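Throw the hints in and build the complete structure from the sequences for me.
Sequence lines, in order, name chains A and B.
Heads up, the first sequence is in the working numbering, so the first residue is 1 and it goes up one at a time.
Heads up, the second sequence is in the working numbering, so the first residue is 986 and it goes up one at a time.
Just to be clear, a hint being listed does not mean it is correct.
Stated by the list, open to error - In silico DMTMM-like links for lysine to aspartate or glutamate, alpha-carbon gap of 25 Å or less:
| no. | chain 1 | residue 1 | chain 2 | residue 2 |
| --- | --- | --- | --- | --- |
| 1 | B | K1162 | B | E1134 |
| 2 | A | K114 | B | D1036 |
| 3 | B | K1038 | A | D51 |
| 4 | A | K335 | B | E1080 |
| 5 | A | K335 | B | E1070 |
| 6 | B | K1174 | A | D372 |
| 7 | A | K861 | B | E1080 |
| 8 | A | K114 | B | D1008 |
| 9 | A | K2 | B | E1134 |
| 10 | A | K394 | A | D603 |
No lab work stands behind these hints: they were computed from the structure.
Keep in mind the model is a prediction, meaning the values are calculated, not measured.
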Amino acid sequence: MKINVNINGIDQTLECAAGETLLRVLRREGYFSVRFGSETGESGAGAILMDGELVNAEVMLAAQADGHRIETVEALSQGRRLHPIQEAFMRTGAIQSGYSTPAMILAAKALLDKNPNPTEAEVRDALSGVLDRETGYVKPVQAVLEAAAILRGEDPTPIEPNVLKPITLPGRDLDEYGDAAPPSEPEFPVGSDGPAVDTRRRALPKFVVAPEAPDLKVVGKPQIKVDALKLVKGNPAFVDDFEMRGMLHAKLLTSPHAHARILDIDDSEALAMPGVHAVLHYKNTPRVPYASGGQSHPNPPPYDQVSFDNKVRYVGDRVAVVAAETPEIATEAIKRIKVTYEVLPAVFDENEALKEGAPVIHDEPDLEGAYDPARNIVHHIEARVGDVEEGFEKADYVFEHTYRVHQVQQCPIEPHICIGYWDADERLVLRTSTQVPFHVRRMVAPLLGLPLKRIRVIKPRIGGGFGVKQEMLIEDIVGHLVMVTGRPVKLELNRAEEFMSSRTRHPQTITFKTGVTKDGRLVAQRMRVIGNTGAYGTHGLTVQIVTGLRGLSTYNCPNKEFVCDVVYTNIPVPGAYRGYGAPQAHFALESHMEEIAEALGMDVVEFKRKNWIKVGDPMDIAPQLGERDTEGAALPIIMTSGLAECVAQGMKAIGWERRNDPNWRQPPDRPHIRRGIGMAVCMHGTAIPGLDMGGASIKINDDGSFNLLVGATDLGTGSDTVLAQIAAEVLGVPLEDIIIYSSDTDMTPFDTGAYASSTTYISGMAVKKAAEELREQIKERAGLMLGLEDWAGVRLEDRRAIAPDGRSVTLEEVALNSLHHQDQRQLMATASYVSPESPPPFAGQFVEVEVDIETGQVTVKKMVMAVDCGVAINPITASGQVEGGMTQALGYAHCEEMVYDENGRMVNPQFGPYKIYRADEMPEIEVYLVQTVEPSGPFGAKAVAEIPKDGVAPALANAVYNATGVRIREIPFTPERVWRALHSC
Amino acid sequence: MQPFDYVRPRSLAEVAQLLEEADAQTCILAGGTHLLPEIELGRIRPRLLIDIKAAPELNELRYTNSEGLTLGAAIPISQLLTSPEVRRHYPLLQEVARIWGSVQVRNRATVGGNICQASPAADMVTALLCFDAECRIFGPEGERWTPLERFLLGPGRTALKPNEVLVSVRLPSLGGKSVGAYRFVRKGKGGHVTLAGVAVRAVAISHGVASWRMALAGLASSPKRVSEAEHILEAGELNEHAIHRAAQKAADAAEPIDDARASARYRAALAPVLAERSIRAVARQMWGYGA
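Rendered as structure tokens:
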């Protein structure tokens, strides 16, 4: 059928099918800013304006738009000039991956066109239909308020550092907190147009500056993200924003059974359909066992997956794939594949799976590297320091508590998507949404039977990952299909598949047993973990190792023991999820520590402070719980810690003393409400020591600009920006002179990828080294040009190489000289970095709640996190990481959950019923960056990406306890769970 | 999405004509926020969609003192929020519209679609029950009217025959100051199905006397009126005792079930709590007490 629409001011007649969504038709017409996030429209990534009103193109037929006027972000910035909303999004750091940024901008435009002076609540309502997994909505809300002010003709809010005085003094401990003089805090005017929450003032977090921190030009400054412009304009940048002639569409057939043997597959009817080019399954695909986690060579065992198996192990497991001319044909063909299953008994709970007589999930003969598959045990992990039994004997008191953490999904708004094709040289190109392009290339090669050199993996812009894309998840399927059909092939998971057939967070049962002395010193601590790795063992070993490491490193204790079984079950597969085993450990540990303090009658902060690890203390269990054998290496020592300061700042910011005021806890005018405040101490790692490696290449161009090529994988985190800042700082140029490209296995040096909070620290150091090497070449060339005998004193500043005598040449002159004039050569350098250390970032997480004791509804009012991430290379992107991470962590603690029926089928694989936080549901968020200068990091940096995931769940549990006196040892804190706990049923 | 045909009739007469040949695979399409995902997920497989957004009779929002409020089946929820008549006479509808989905969803989702979807937890339908809404239905035999209460037959089931269409709902005029309240529990503020909710509205008759309505969401197979509670609230002075008794009637009327979102036991416990809160909120708005 034909429809007449006006798109961005141009009348058009478009051909479409009656059943086609408006999203699909707009994208086909080249409006790539309108993006897919969910087949049910809940993500809002496909939002457009129709007749000036915000609607979701994902859940509209193109036919319904007939006769209407449509606007997309492409219309906002015609010519070179950006719309003020776009400018505000760039300036305030409201963009991370940028996948849903166009939708947010349109939502803002729809609001501001009608209401030039909105309250913060109105802004949050306007944004409530665009889900964001990245920013915690703090900066987008600020951007909209800022844009509104600019559009009203007001001056922009200056982006100035917000520097606080330290509360803890060097050499003093936290117990003197009460006596410390209140720091003088700059006053910030509260917006005239907003409610009490002053989101608008918070482009930059609050800082506590370390006096020894270096004063730099580009590093440490709130630079605008290097990819912000293309993202704010909605330019084609993501995997799907790319078309190829003759591209086929792939669709997965997944298992309806939690556990079954496939007795037969009959694909004849599907293959007979016109437009179907291939149907792949166990009968026609090579069987090569592998482990799918995107990790360094050799991949940790077990090797328990094959591209297509004759057994399925969870609802959502791969059975077959079809490649066809259109998605509709592929979907229809899937239905015509006849599969004969022998349904087997299934087990879902990790404790049940260990029991005698439980169904055996992996009985295949070619399984490699599983500890005891007949008992469903994939790994058995033990680590010890001292002797816990002896410690328990010596302890005055021994406490034991068991906690349970559940399964959640990463929920990047861009699902997994891969487009594969043969290039002109008949090499396989995989353009894929991945965190680990280099691991994907190495891992996919043997599965396809292609030499690695015939594979190229390209990572364009990525719409979020959070670990779920630290996996070789669908690239093998696309590769097989390209090889079989000879055609370009696209496979994109829909939202239900992303929930059920990708990766999730490991559920665990965690038991802590701790012996303490009367005065509150830990003497023995045992952590017993049963980790549920679902149908396959990917990341099962290393996630659980991190659980042990994080569970037994925060507090000093002479006797420690970690015992863990990682267990197969028939649930969708857990893998890597931001935090990687640490959020689980922290929920148990930080709840348990509070329970002990309570039992001892000690102040919880005092009890924790007495025991927490301090500068100079060894991380004694770390060598046994590393991913690389570090035997013989020196015991890692804490070199920097701002923990005491973080906790002090957080206590002040949250108003900690209120938790002891009964009148505050039980407001007299609201009899069913109880208030509480809780905290958690957080400690994370920075990269995997001795294993994570990043490479960088940098060269000078004729105009004195630089190409920086990195294997590091920016998936929205801002790592391209941070790495470019590091290069700019070293080379004495503004950020705009660095053209960064990441990542492409043909073009950029190797990098292990974006995981384990490693990129700033590891890849950043590689960039710093490469830039320093290039700086020496530039200095030498400048010395030659200036006739200096000794060029060591030359310094690079303001795009010039300046000799000690004040004479200088510009970098453009240096470039022209070296490339064209004399003794020609390309000034360039390549470097890589691997660290023997993993310096921990620290944080204090604080949460204030209201609990409705009649309904069990918990309302989180405020979250404060004070983080020591060393020197933040870019405080805006760093605080964005903290805000977004805390928001994901809040979902984990409060409402997100994968719910199953009795047959193991997930019943809520859509954003609405799964429930992720929206803009209008958010509590107030405050971020403090407490600076330390980490000697091993680039310009003093440590990690910031994952630590925000660690503390919210226990702080929430502790706040609920403070409010109600009821201890809940299982997350999430859904209304019914809390109600049951309050009413003991 | 699977192939189907699409038509956009320009009048109720055209809609009716198309419906004469309708079969079980013909679906009425209004906003599509529920229907299109259902089709995408393969739970509904239509052959023909009839888009009713271009038929004027189904797209009017009209208020007169004599006839009350007419809400066309295809008007978007957002229109309830901008209508001064709805604000003045039926504020409860605005309260519920504000907690509906998100901006995008409110701009597309419709009153009629929400009624015909027949979800037991439909907030708007629950609110409409508090206004004695009547459904105007059009089919081969012409027009018929049925009270909303009788239109709802259980989850996903309505009194609509395959070749009939819901044209509009009419809410009689109220003849006095109308206040309402809707208290509910969801997993979060928005974007999630209501686990339980209680809508209450009162219309002032004379000093201290009002006509009351109460309806439940998520607590029975369809949104449900609680006339026993209404009788108690109307019978005499609104004191603590009356509030408690009325709230208890909400609990008595609830017939909750266990599902993946909540247990029957929890829902049952919420019924009197939410009923009491809604009653108090209404009393507070009406008379400034009862909190």
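Each hint, compared with the structure:
1. K1162(B) with E1134(B): The hint holds at about 24 Å.
2. K114(A) with D1036(B): Cα-Cα ~28 Å, so violated.
3. K1038(B) with D51(A): Distance of about 14 Å is within 25 Å: holds.
4. K335(A) with E1080(B): violated (44 Å)
5. K335(A) with E1070(B): violated (51 Å)
6. K1174(B) with D372(A): The hint is violated at about 46 Å.
7. K861(A) with E1080(B): Cα-Cα ~22 Å, so holds.
8. K114(A) with D1008(B): Roughly 43 Å between the alpha carbons, so the hint for K114(A) and D1008(B) is violated.
9. K2(A) with E1134(B): Violated, at roughly 41 Å.
10. K394(A) with D603(A): Holds: K394(A) and D603(A) sit about 23 Å apart, inside 25 Å.
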